[in-house]
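Novice: Hey, can you work out the whole structure from these sequences and the hints?
Protein sequences appear in the order of chains A and B. When the first sequence is numbered by the numbering used here, its final residue is 282 and no position is left out of the sequence of numbers. When the second sequence is numbered by the numbering used here, its final residue is 282 and no position is left out of the sequence of numbers.
Some hints here could point you the wrong way.
For chains that are exact copies, the list does not tell them apart, and a pair is met inside one copy or across any two.
[Claimed, not checked] Straight-line alpha carbon distances no greater than 16 Å define the calculated EDC-like cross-link-like pairs of lysine to aspartate or glutamate that follow:
#, residue 1, residue 2
1, Lys252, Asp36
2, Lys32, Glu249
3, Lys154, Glu116
4, Lys154, Asp47
5, Lys154, Asp281
6, Lys180, Glu249
7, Lys154, Glu276
8, Lys154, Glu117
9, Lys180, Glu230
10, Lys252, Asp47
11, Lys154, Asp227
These aren't lab readings, by the way, just hints derived from the structure by calculation.
Protein chains: 2
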Amino acid sequence: MTNEPLTLQGAVCPTPVQQRDRIVLGHGSGGKLMHDLIARTFLPAFDNPLLRAGDDAAVFRLSACSRLAFSTDSHVVYPLFFPGGDIGRLAVCGTVNDVAMLGAQPLYLTAGFILEEGLELAVLQRVLASMREAASEAGVQIVAGDTKVVQRGKADGLYITTSGLGAVLTGVEVGGAQAKPGDVVILSGPIGDHGIAVLGARGELGFDAAVQSDVAPLNHLIMALFDASEQIHVLRDPTRGGVATTLNEIAKQSGVGITLSEQSIPVRPAVRAACEMLGFDP
Amino acid sequence: MTNEPLTLQGAVCPTPVQQRDRIVLGHGSGGKLMHDLIARTFLPAFDNPLLRAGDDAAVFRLSACSRLAFSTDSHVVYPLFFPGGDIGRLAVCGTVNDVAMLGAQPLYLTAGFILEEGLELAVLQRVLASMREAASEAGVQIVAGDTKVVQRGKADGLYITTSGLGAVLTGVEVGGAQAKPGDVVILSGPIGDHGIAVLGARGELGFDAAVQSDVAPLNHLIMALFDASEQIHVLRDPTRGGVATTLNEIAKQSGVGITLSEQSIPVRPAVRAACEMLGFDP
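Specialist: Next up, the structure:
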């Protein structure tokens, strides 16, 4: 017999120890671990009576019997946290803005989470706190949710899909097909900030661009717009593809041409410099 | 100099060739590839005027000014196809049923897709066709959607998060907290079919269980229930966790005890046999 080192392998308990600081597959199994995760982590973060009812769907009555705007966005971003935001803030704002872009006041959100086994609970909690903050800024409630856990290496930390429901303002008719000859294009701020902030956080710039993402709920801005003018025809939140793609879509939907003056498009010097180095057109 | 083999590496075009049969990262970039994917694959599958409007959110007016039920579910399943269903059918039925369980007629769905780079387009098309078929069975429209593409190895083919909106039937008050002493529990069919069908498709049973998943839209069944009786207090679609967990949740929400008679719970012989071999309690 060789002089084998002492091993305790046979004596180790094969039952998985309840890990309290990381997501395990059991958190998605529908059993006690999942219920504890929901009760201790999700419910306190988004606390409201509709969610706390704990049914398969949230039930509510809208104050006015208006037209509804209904939208969804899946959110995948690496890294999960970047200057000016994170995946949670993005998930709330993206859907709030999509609903607001149809002239609707966003009211209720749902959120579906796909969590990767091994995700730190502290990271999840930070994302949920950020979602709560963004929802509070926007004045919306997260009223239903779902959580699935996938094996390590089958996601990238976590993915969040949010859906949003809003009440369209009375008399408002906006949409991509409503652009008319004579309309002017208004940009609410400089372009490219979010993209460069995320690339910077990935370390793909090779330098510090000192640019913050401008991810924010825009519904209050949109409501102020409608207070100020009845001549608003199209609203859109340019995300992937940027301003150029967005305006192309509108031109196609409305059957109009749109002329842009490049020097009128605001681009921060830091974003312009980063784009020049990378060979991008902001 | 050594006699190196001729290499054409320097002459190979670095531009990615447009792959027509698999998902590439460019399908999620917001540019032409993504628009083509949506126009050629998603829009024809779910065709309806609200989706075709192509705005950030779908806008509609409900025929009656009723209470609304709003729900979401993320769907991750391996394998994507199993006897009796697939991830697409699951994604539509899961959310349709969650909405129906609150006594609501499901009307509109949204769907957020997270696609893994390398996914075969033919697989995606098969899933979308299945979603369309399930939506048609349920009588719902998929009115808004979103598509993201993640790098190879950051998902498991595809994940689908659906959200659903329905109009609660007038006068109906159902919910997990409404169970009352004297209520009886009615099961709509045998239990465990879906779980064993998926395990079988994974090859984890080691034998052929010949069991089909019972995934189906239940909203028409639910509406027939309300036509037949005004004494319905709680409805639930037991998914993960099964009947035991579901009844425990209801008991907790309603503050009641529920007594089950094991021999009254229908279990197909094939499911019972598979569970016995695996050491599961159906």
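Novice: If a hint holds in the structure, say so; if it does not, say that too.
Specialist: Now for the hints, and whether the structure bears them out:
Taking identical chains as interchangeable, the C-alpha atoms of Lys252 and Asp36 lie at most 16 Å apart only when they sit on different chains, with a minimum of 14 Å there against 49 Å within one chain. In the homo-oligomer, the alpha carbons of Lys32 and Glu249 lie at most 16 Å apart only across protomers (11 Å), although the nearest pairing inside one protomer, at 48 Å, exceeds that limit. In the homo-oligomer, the alpha carbons of Lys154 and Glu116 lie at most 16 Å apart both inside one protomer (7 Å) and across protomers (10 Å), since each shortest distance falls under that limit. Neither within a single protomer nor between protomers do Lys154 and Asp47 lie at most 16 Å apart by alpha-carbon distance, with minima of 30 Å and 31 Å respectively.
Taking CA atoms no more than 16 Å apart as the test, Lys154 paired with Asp281 passes in neither setting, with 33 Å inside one copy and 28 Å between copies. Taking the shortest Cα distances, Lys180 and Glu249 sit within 16 Å of each other inside one copy (14 Å), while across copies they are farther apart (54 Å). Taking identical chains as interchangeable, the C-alpha atoms of Lys154 and Glu276 are never at most 16 Å apart, the minima being 35 Å within one chain and 30 Å between chains. For a Cα distance limit of 16 Å, the shortest separation of Lys154 from Glu117 qualifies both inside one copy, at 9 Å, and across copies, at 12 Å.
Taking identical chains as interchangeable, the C-alpha atoms of Lys180 and Glu230 lie at most 16 Å apart only when both belong to the same chain, with a minimum of 14 Å there against 53 Å between chains. Within a single copy, Lys252 and Asp47 get their C-alpha atoms no closer than 42 Å, and across copies no closer than 19 Å, so neither meets the 16 Å cut-off. Taking the closest pair of Cα atoms, Lys154 and Asp227 never come within 16 Å of each other, the shortest separation being 47 Å inside a single copy and 44 Å across copies.
Of the numbered hints listed earlier, those contradicted by the structure are 4, 5, 7, 10 and 11.
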